[in-house]
Amino acid sequence: MDKLNINIKKIRSDFPVLREKVHGLPLVYLDNAATTLRPQVVVDALAGYYLRYSANIHRGVHALSEKATAEYEKSRRTVKDFIHASSTAEIIFTRGTTESINLVAQSFCRPSFKPDDEIVVTAMEHHSNIVPWQILCEQVGCRLKVIPMNDKGELILERVDSFLTERTQLLSIVYLSNSLGTINPVQDVIDKAHQKNIPVFVDAAQAMSHCPIDVQTLDCDFLAFSGHKIFGPSGIGVLYGKEKWLEQMPPYQGGGDMISSVTFEKTIYNTLPYKFEAGTPHIAGVIGLGAALEYVQSVGLDLIMNYEKDLLDYGTKALLSVPDLKLIGTASNKASVLSFILPPIHPHDIGTLIDEEGVAIRTGHHCTQPVMKFFKIPATSRASVAVYNTKEEIDLLVQALFKAKKIFD
Amino acid sequence: MSRDGRQELYKQVIISHNKKPFNFKKIDNATHEAEGYNPLCGDHLHVYLIIDPQDIIQDLSFEGDGCAISKASASMMTKTLKGKTVAEAKEYFGQFHRLIIGELNPDNEEHILGKLSVFSGIWHFPSRVKCASLAWHTMKGALDKQTSISTE
Numbered sequence: 000m001d002k003l004n005i006n007i008k009k010i011r012s013d014f015p016v017l018r019e020k021v022h023g024l025p026l027v028y029l030d031n032a033a034t035t036l037r038p039q040v041v042v043d044a045l046a047g048y049y050l051r052y053s054a055n056i057h058r059g060v061h062a063l064s065e066k067a068t069a070e071y072e073k074s075r076r077t078v079k080d081f082i083h084a085s086s087t088a089e090i091i092f093t094r095g096t097t098e099s100i101n102l103v104a105q106s107f108c109r110p111s112f113k114p115d116d117e118i119v120v121t122a123m124e125h126h127s128n129i130v131p132w133q134i135l136c137e138q139v140g141c142r143l144k145v146i147p148m149n150d151k152g153e154l155i156l157e158r159v160d161s162f163l164t165e166r167t168q169l170l171s172i173v174y175l176s177n178s179l180g181t182i183n184p185v186q187d188v189i190d191k192a193h194q195k196n197i198p199v200f201v202d203a204a205q206a207m208s209h210c211p212i213d214v215q216t217l218d219c220d221f222l223a224f225s226g227h228k229i230f231g232p233s234g235i236g237v238l239y240g241k242e243k244w245l246e247q248m249p250p251y252q253g254g255g256d257m258i259s260s261v262t263f264e265k266t267i268y269n270t271l272p273y274k275f276e277a278g279t280p281h282i283a284g285v286i287g288l289g290a291a292l293e294y295v296q297s298v299g300l301d302l303i304m305n306y307e308k309d310l311l312d313y314g315t316k317a318l319l320s321v322p323d324l325k326l327i328g329t330a331s332n333k334a335s336v337l338s339f340i341l342p343p344i345h346p347h348d349i350g351t352l353i354d355e356e357g358v359a360i361r362t363g364h365h366c367t368q369p370v371m372k373f374f375k376i377p378a379t380s381r382a383s384v385a386v387y388n389t390k391e392e393i394d395l396l397v398q399a400l401f402k403a404k405k406i407f408d
Numbered sequence: 000m001s002r003d004g005r006q007e008l009y010k011q012v013i014i015s016h017n018k019k020p021f022n023f024k025k026i027d028n029a030t031h032e033a034e035g036y037n038p039l040c041g042d043h044l045h046v047y048l049i050i051d052p053q054d055i056i057q058d059l060s061f062e063g064d065g066c067a068i069s070k071a072s073a074s075m076m077t078k079t080l081k082g083k084t085v086a087e088a089k090e091y092f093g094q095f096h097r098l099i100i101g102e103l104n105p106d107n108e109e110h111i112l113g114k115l116s117v118f119s120g121i122w123h124f125p126s127r128v129k130c131a132s133l134a135w136h137t138m139k140g141a142l143d144k145q146t147s148i149s150t151e
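Chain order of the listed sequences is A and B. Mind the numbering: the first sequence is residues 0 to 408 in numbering that gives the first Met the number 0, read in order. Mind the numbering: the second sequence is residues 0 to 151 in numbering that gives the first Met the number 0, read in order.
Incorrect hints may appear among the rest.
Unchecked claim - The list that follows gives simulated cross-link-like pairs (lysine-lysine, DSS-like), each with its CA atoms no further than 25 Å apart:
no. : chain 1 : residue 1 : chain 2 : residue 2
1   : B       : K10       : A       : K405
2   : A       : K402      : B       : K18
3   : B       : K144      : B       : K89
4   : B       : K10       : B       : K81
5   : B       : K19       : A       : K375
6   : B       : K24       : A       : K372
7   : B       : K18       : A       : K404
8   : A       : K375      : B       : K25
9   : B       : K19       : A       : K325
10  : B       : K19       : A       : K402
11  : B       : K18       : A       : K405
12  : A       : K404      : B       : K129
13  : B       : K114      : A       : K405
14  : B       : K10       : A       : K402
15  : B       : K89       : B       : K129
16  : B       : K25       : B       : K89
17  : A       : K241      : A       : K191
18  : B       : K19       : B       : K129
19  : A       : K404      : A       : K20
20  : A       : K325      : A       : K372
The hints are simulated quantities; they were obtained by calculation from the structure and are not laboratory data.
So here's chain B without its partners, still in its complex pose:
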């Protein structure tokens, strides 16, 4: 990994989402929620969702403690998924997962990830992939009605 590549991990968009994360709050009347835990670093995230009877995500949010990567990832996830259907959320999950493990190259393949593709370089940092995926795994766990998710 080149030095330039390394600096690429902390792109401005990640720094600003970390500083001022979107939807960083608790939702009291959540229909779905889960706690995500990364035992490697001790990071915790709680994801809340309100899903209406038509399976549309009316609202979602997160709370917790984590590094810039995990916070920015959670913030961007909540921004992206608001108003999407559960099926769409799962499609985003699948594509995002492939993106961060380096299977999906956003420059060569059609995708729906939009700004989320900022995380495309993270597979160069194997120890940080879990930081980016924690919120997503937690969200998926909440959809699947699991209450506690561990990235291990």
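Next up, chain A with everything else stripped away, as it sits in the complex:
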């Protein structure tokens, strides 16, 4: 394999779904921001657990349980290495980014936040990085503040400072916007917040499969991502948190495995990270996630990033060759996402018509209704690329769009 380029043929052969036909045509999968496809190694890891050692973890003394526990904890080390955390105590498995955010809202914020305290987010957040904070605001009487973006879909960095006041208790920011593709200047924002001792939560759901992330360099206080957006199983995700915060936080849920000892008078909680993993977890999911991260490591995130940048530039030019097409989200620092409108055709009609050509994209508000409101549109069509996509597939998307236009002419 070429050291500077990815072996696209090999990568495509790793993903069985890419061999599927849709309406008799080869699948062109450009809906990666919704969920990514899974390579064979992830499917094998899931099946391997269910077929060979599907025992419960942490408590069994028999061989299968030992094996399951070992594989489960190996995945935790893989996650730790992948995001460059300092310890596995900081890696908590959750159902996904959404649950990770809710966990922090309820366990980190709720016990100590006071009325009139403020939580700061950006104008391009996914609903999952808005609603858990709104629920918290209702519970404790704090307020949600929103740092604005410009018409290109870029965070207005100069405005950040004015939002960070003595009342600000937490800043939560999306790393890579799912509806616009904007890569936020997360490092700058974290540095600004930390100058005022404000902890920062990073929603890395979209970013994980596109950008190398080092939580110690970033110095973020919390970071969350989902398995299904980085070629892993759905229903599994990660919360990274600095040990000093996780230690002082009460458990999010009570149950088995999160305790050291239980009597009817008093329960002593387990140590980190188990304190936050009540009940039998998604064992196969964790093992599958480990396999997915190892897969990404084997390709190399730097190479992935370079490859996708080229693809995105090509896609941007190709889409702009379609008359009347307007890109939504034109930040100078972008990854993966090509959101667009093609008036007068409604995005849902585009979605249905190009599906006819085997092209899968997402249409709608992408769980970012405030972003749609900002751009004064009800919805967009969104093509989003991953490492297995090609320029030929972008060409097929563009051809399909021309066809759709013809039908509506």
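Dock chain B against the given chain A, drawing on the hints supplied.
Just chain B, lined up with the frame of chain A:
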């Protein structure tokens, strides 16, 4: 679903109703009106009706933002129901509903749907059925004096 079937969804009649919808306006002196909302796609429709004391729909119209399917469906609905009684409108609603979920086959069953049967193939596209039904649910909601309708 075959490729040919797929193209069938966007029949000429739907494209032309989408381009030039009938009764696409607000009625200021409406006796009945409702707002319909499809949370799946964010589409909004407002349906206005004037119903006289004899329960006859003297006029009806719609406004809003939506895809070709929902706009064409709304346009054809207003064209069909003008001059009909409330009872007839409900009968149309029932038959149209059965049509779009694939329970009524217009080729094998007697019906009053006329040109509305152009939507008969839509049950092949489960995510688009709500687009076709939004105007109808909103109209029914207005008749039942509900002001806000959601297809969820």
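Each hint tested on the structure:
1. B:K10 to A:K405: holds, 13 Å
2. A:K402 to B:K18: holds, 17 Å
3. B:K144 to B:K89: holds, 14 Å
4. B:K10 to B:K81: holds, 23 Å
5. B:K19 to A:K375: It holds: about 23 Å lies between the C-alpha atoms, which stays within 25 Å.
6. B:K24 to A:K372: Between B:K24 and A:K372 the Cα gap is close to 23 Å, so the pair holds against 25 Å.
7. B:K18 to A:K404: This hinted pair holds, its Cα atoms lying about 13 Å apart.
8. A:K375 to B:K25: holds, 21 Å
9. B:K19 to A:K325: holds, 23 Å
10. B:K19 to A:K402: Holds. B:K19 to A:K402 sits at ~21 Å (cutoff 25 Å).
11. B:K18 to A:K405: Between B:K18 and A:K405 the Cα gap is close to 14 Å, so the pair holds against 25 Å.
12. A:K404 to B:K129: holds, 23 Å
13. B:K114 to A:K405: Status holds; Cα separation ~24 Å.
14. B:K10 to A:K402: The given pair, whose Cα atoms are some 15 Å apart, holds under the 25 Å limit.
15. B:K89 to B:K129: Since the Cα atoms of B:K89 and B:K129 sit roughly 18 Å apart, the hinted pair holds (cutoff 25 Å).
16. B:K25 to B:K89: Measuring from Cα to Cα gives roughly 22 Å; hence the hint holds.
17. A:K241 to A:K191: Judged against 25 Å, a Cα distance of about 18 Å means the pair holds.
18. B:K19 to B:K129: holds, 21 Å
19. A:K404 to A:K20: holds, 24 Å
20. A:K325 to A:K372: holds, 16 Å
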